[in-house]
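Chain B: place on chain A using the hints.
Protein chains: 2
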Amino acid sequence: MWTFDHLPRASLQKHYQFTPTPQWTKHVIQSSARLAEGCSASFVSADGLVMTNHHCANACLDALSDKNHDYFRNGFYTSSLAEERQCPAMELDRLDSIKDVSADIDRATAGKSGAAYSDARQAIEGRLTKECVDGNPTRWRCDIVSLYHGGQTALYRYRRYQDVRAVMAPEQDIAFFGGDPDNFNYPRYDIDLSMLRVYENGAPVHTPYLPFNPNGPKAGELVFTSGNPGRTQRGLSAAELRFQRDVINPRMIESNTLLEGMLWQYARESDRHRQESQNTFFLVQNRLKAFSGIQESLRSSSIIAQRAQEDDALQAWINADPARVKQYGTPFRQVDAALTTSRTLLPRYVGLRQALRGIAGTALTLVDGTTQRTRPDAQRLAGFHDAQLGEIEAELGAQTPFYPELETATLALALTTLRQQLGTDDPLVHTLLGHDDPDSVAAHLVQSTTLSDPKNRLALWKGGDKAVKASSDPLIVVIRRLYPAYAALRKHFNDDVTAPLNQANTRIARARLAHAQSLGQADERYPDATFSPRLSYGTVTGWTQNGHAIAPFTTFGGMYQHATGHPPFALPQRWLDARSALKPDTKLDFVSTNDIVGGNSGSPVIDRNGHAVGLIFDGNLPSLAGDLYYDITQNRAVATDTSAIISALRTVYHEPTLADELSHGHR
Amino acid sequence: MWTFDHLPRASLQKHYQFTPTPQWTKHVIQSSARLAEGCSASFVSADGLVMTNHHCANACLDALSDKNHDYFRNGFYTSSLAEERQCPAMELDRLDSIKDVSADIDRATAGKSGAAYSDARQAIEGRLTKECVDGNPTRWRCDIVSLYHGGQTALYRYRRYQDVRAVMAPEQDIAFFGGDPDNFNYPRYDIDLSMLRVYENGAPVHTPYLPFNPNGPKAGELVFTSGNPGRTQRGLSAAELRFQRDVINPRMIESNTLLEGMLWQYARESDRHRQESQNTFFLVQNRLKAFSGIQESLRSSSIIAQRAQEDDALQAWINADPARVKQYGTPFRQVDAALTTSRTLLPRYVGLRQALRGIAGTALTLVDGTTQRTRPDAQRLAGFHDAQLGEIEAELGAQTPFYPELETATLALALTTLRQQLGTDDPLVHTLLGHDDPDSVAAHLVQSTTLSDPKNRLALWKGGDKAVKASSDPLIVVIRRLYPAYAALRKHFNDDVTAPLNQANTRIARARLAHAQSLGQADERYPDATFSPRLSYGTVTGWTQNGHAIAPFTTFGGMYQHATGHPPFALPQRWLDARSALKPDTKLDFVSTNDIVGGNSGSPVIDRNGHAVGLIFDGNLPSLAGDLYYDITQNRAVATDTSAIISALRTVYHEPTLADELSHGHR
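Residue numbers (my numbering), protein chains in the order written: chain A, 1 to 667; chain B, 1 to 667.
Some clues are possibly wrong.
[Unchecked claim] Reference listing, derived: stretches of chain B covered by chain A, where coverage requires no fewer than 3 residues with Cβ under 8 angstroms from a Cβ of chain A:
(1) 11-23
(2) 175-182
(3) 418-424
(4) 436-443
(5) 502-515
[Unchecked claim] Facing chain B, from chain A, some residues (calculated, C-beta under 7 angstroms):
(6) 251
(7) 254
(8) 262
(9) 301
(10) 398
(11) 400
(12) 566
Because the hints were derived from the structure by calculation, they are not lab data.
The beta carbon of each residue, even a glycine, is placed where N, CA and C say it ideally should be.
Looking at chain A on its own, in the form it has when it is part of the complex (with noise of 0.2 angstroms):
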């Protein structure tokens, strides 16, 4: 997962006789992409045409559905641009340039601490956005990334694309071809791919890219991914994975289990209430099983002891040196005192954040965002800096479905658990409920409410803080009621949680690197992943499991083996119409030890030429650990192949224009 200012390239030279050069690397660069909403992409024509997985696209088939096309679960096809359909506020940005800003954030931050530290920290933040935004919000989009947990801050500048459409997604049955039970685990049998076009001024954009391979992987070849890690913690303290063990972890599994169970009954209800679910219910199962996965190896394996003791060595090493006491102090002390406090607050805090999902959220964004815009940009939290504004803009503007019975259950059982974890008698369930119930409440918010028509929310986000407090919206005044508790809830948490854990960790991993150093170990760490682009680079091989051998790959000749006929074994019609012309020996999927964690998915899988030769789609079981550490033995990262993606096209799809854009690299 390294950062693309600082690419191992000795350790590649070394050991795969590959330097990437300057060209190569900003080939990749540009042909690679982020996806707003928490995936990775790339280019892969020069045609603006873009390579992403289906289920990064769920959202958009959804949007463009109706009640006579289900594009999410029959695909969605077109034969020239006219037919291509803008996705709904989906936002692909592509790097544009990395600067590093840990001097001025220090000089900001110097000898500050809690809300002080959080106010001065707030300012600058918004200033270095600012200025690099450069008056052109709709243009480029800056954040702030704080890589090795604060020991460096980095500026990421990305060139934002808002109008991307929909040019081909094959059935969901393929895409997600043996389900959730199939899901983490290998060998698979699946085509999770989209494809998509970056628009503007209504024309294709015309960018780098990357040749597509019609040949995909040979075993055992070095093989790169581009995308987005999106968290990994590598770099946690002893004291706060023991925190994710027992406060966050059980907390978000049970709230996302029970959300789980709710949405599988739902789903049951008619085939309505089953294509209005299937994105969430998708979306929850994929989280429960990443904090499932953590959570095991949280508690299996020897890592919280391993850390204590590095933990400890590391005081040690401070504490040997009187220097070194006064420039790092106490850090893991100050980590203990903040997670104290945190245990303190999160039910509230965190209970009513999760409470406030869907609709409730949107209103929740209104009347914060508002409140933030009538202060000086310096003042504002983050995510509400004038250069950030136009983000929250598209997401209100946007033409999401709205599903009234669904927003009406997510929201009761949200409110229900609230109350439940909160006591009946908490300021913060009476505001929300008074004498009524979660049920009857839910309901009267979900259907007097005006919020699910964007022109409404735009109108208030328009209107301003004046527009909001004159409003007669049900749920703008109920949230408006609760809103000085949450902003005060907030503030505290800000304060008095995540500033002293950001300095302790900025100490901590300053204290680590000057370590590191000390030792000559400096070059061979990378950051915690941030939802920025970085690379990871692997071979293409299998692994051992339970005394196992698992092969790198699976062919079409497999999937049909294990098709059953019963989802979610079923294989759409086209593919049992298309059997005998595909060849069973073609490669379908593939593994490979390139180190990616959620956030990666879509994120290509690129030869040494620069060339595209798989599309990364999940992750072995094992590689849930990965957010904790990375073991080349059993971590596998999963793709698609392009030789099936280019046999698909044409032999299963019939979309000749689209199989020779790829091919040809144009269209």
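Below, chain B alone, put in the same frame as chain A:
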């Protein structure tokens, strides 16, 4: 939680100037009872009138209801014996005698381990039980009770009563006022009461009983509870506590949370669905609170670290004397080994057992029970000895309600979970699902099975192994195919987990006892709860929570103040009508320092004169950690005051006959 044959007389005399006489003890034993399904109860008139909780009679009230009567929700009322109705499948047991059989067990199992130990133990337990039942299993129930984790083994003999009739139950809205938000919280405002009557040969039985004190207890008064605490684990080793925290509890919490989410949505679908699922939903929520409370305590308290020190100290005490080494060995090492095995077996063994609930569980009982019956008594597993077959038959023959949609949903969810956890290619999953999906398998099995009719269940049971092998009932067919794998898993688990854990725990318990005796502290110990009769003492006292003093009593006045009119804070119409006729300062509920856990529900609170002064129905939140330890400053038992019961019967429910029976002690 003292056993009746080992009461803390010295302590009671010293602190309360009270010594229970043999007459007092006998009177309490004979007036107390256990409901076989997992509750406690007491006789409160000479004519077999029994007092227990509303939530202990849920299943009965559900079963008696039909589409015109919801006795669970609206209450059940009678004005003559003729109107009293038998509760299907309800059994009440009254303790008859306790016999120490430790020496018999030791003799039979001396020098054996693994499968040989399991077999020998099974055989001796079967023989002792058979002798105890004395050829009359309908009249006597005999349980082998392992006390002090095997340090002592006792044979408990109960007089069985299988004709238990519903006499009176108030509405669910007053029995469980405050609902789930208030559950395990205090102050409470509930009358969690049901009145039953035990019959024999068609007439009420005559038994000793607790005279009803219509004034309830005073603040500070010494009170006793006589009941059947289900299970505590206060004697677990540190390794087992860690296993609970890391393996067992997460599993239980996740599976029940998933079920909770499903049932929550199921209940919202229609009034019928709500009625069908309310009993299960309540059980699931209760179970969740219990497991979550224990888990919270394991995570945040120092109990595991403390126990680890105690374990180390005990092993050191053993190691200090070669004779002790010879006698006790290294039991903690044996515990570790058994837990390692348990961890590998749990997903399949426990996963399968959890999946086979409801009607599938009935099918398993039939296949398993008839197979066991083909063996000589001594070679059968616990639960299947001749003396216990009456209980199985009673369960199979009971007219319990059967809701096909709820059964289908529950089974489909269970099968989905099993497939997810074991993987699609697991042989167990394959046997259950074939090439089909969980939903259609569940729908087919529930629709086509004939086991919902008790006549068919009994016919198969009576036909024995031959009838079950010949059955073409689809559910029997699939369970029959599954049975060999299930039986093998169970044998593996019993031989390699249960047996070595039992042996190790017996050695640990005896070493602890010997160690305590060497320090003169042996009399201060009571065994962990085992759902067998126990006496606990305490005083009526509030406590301090987050700096606030909680008063011991609540009143009718407080209840009316909390009645918002919306569920779960809506009072039944009868209570709204009676408001002006009730005295607001009448005591409603109270807390005491009595040490109770799940299973104590329905226990009488008894004063030093042996009179009933209250009815246990809940504990406060800290009491959930009572599974692991008892803290007198925090743990509180929650009871309904007898003064509230008498007032409610006379003034709210206009039941003078019943109130008079309580006041006079006979009809």
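Examine the region 502-515 of chain B for residues whose CB is less than 8 angstroms from any CB of chain A, and state whether their number is three or more.
-> violated (count 0)
Examine the region 418-424 of chain B: at least three residues should have C-beta closer than 8 angstroms to a C-beta of chain A.
-> holds (count 4)
For the hint on residue 254 of chain A, just tell me whether its beta-carbon gets within less than 7 angstroms of chain B.
-> holds (5 angstroms)
Measuring from the C-beta of residue 400 of chain A to each C-beta in chain B, is the shortest one below 7 angstroms?
-> violated (23 angstroms)
Against chain A, does the region 436-443 of chain B show at least 3 residues with beta-carbon separation below 8 angstroms?
-> With 4 residues in contact (Cβ-Cβ under 8 angstroms with chain A), the coverage given for the region 436-443 of chain B holds.
Checking C-beta pairs, does the region 175-182 of chain B have three or more residues closer than 8 angstroms to chain A?
-> holds (count 4)
How about residue 301 of chain A: closest beta carbon in chain B under 7 angstroms, or not?
-> Where the cut-off is 7 angstroms and the nearest Cβ of chain B is about 11 angstroms from residue 301 of chain A, the hint is violated.
With chain B as the partner, please determine if residue 262 of chain A meets the hint condition of a C-beta pair closer than 7 angstroms.
-> holds (4 angstroms)
Using Cβ atoms only, decide whether residue 251 of chain A comes closer than 7 angstroms to chain B, and label the hint accordingly.
-> violated (11 angstroms)
Holds or violated: is the Cβ of residue 566 of chain A closer than 7 angstroms to a Cβ in chain B?
-> holds (5 angstroms)
Verdict on chain A covering the region 11-23 of chain B, criterion of 3 CB contacts below 8 angstroms = violated (count 0)
Should the interface hint for residue 398 of chain A be scored as holding, given a Cβ-Cβ cut-off of 7 angstroms against chain B?
-> It is violated, given that the least Cβ distance between residue 398 of chain A and chain B is near 28 angstroms, above 7 angstroms.
Comparing the model with each earlier hint shows violations of hints 1, 5, 6, 9, 10, 11; every other hint is respected.
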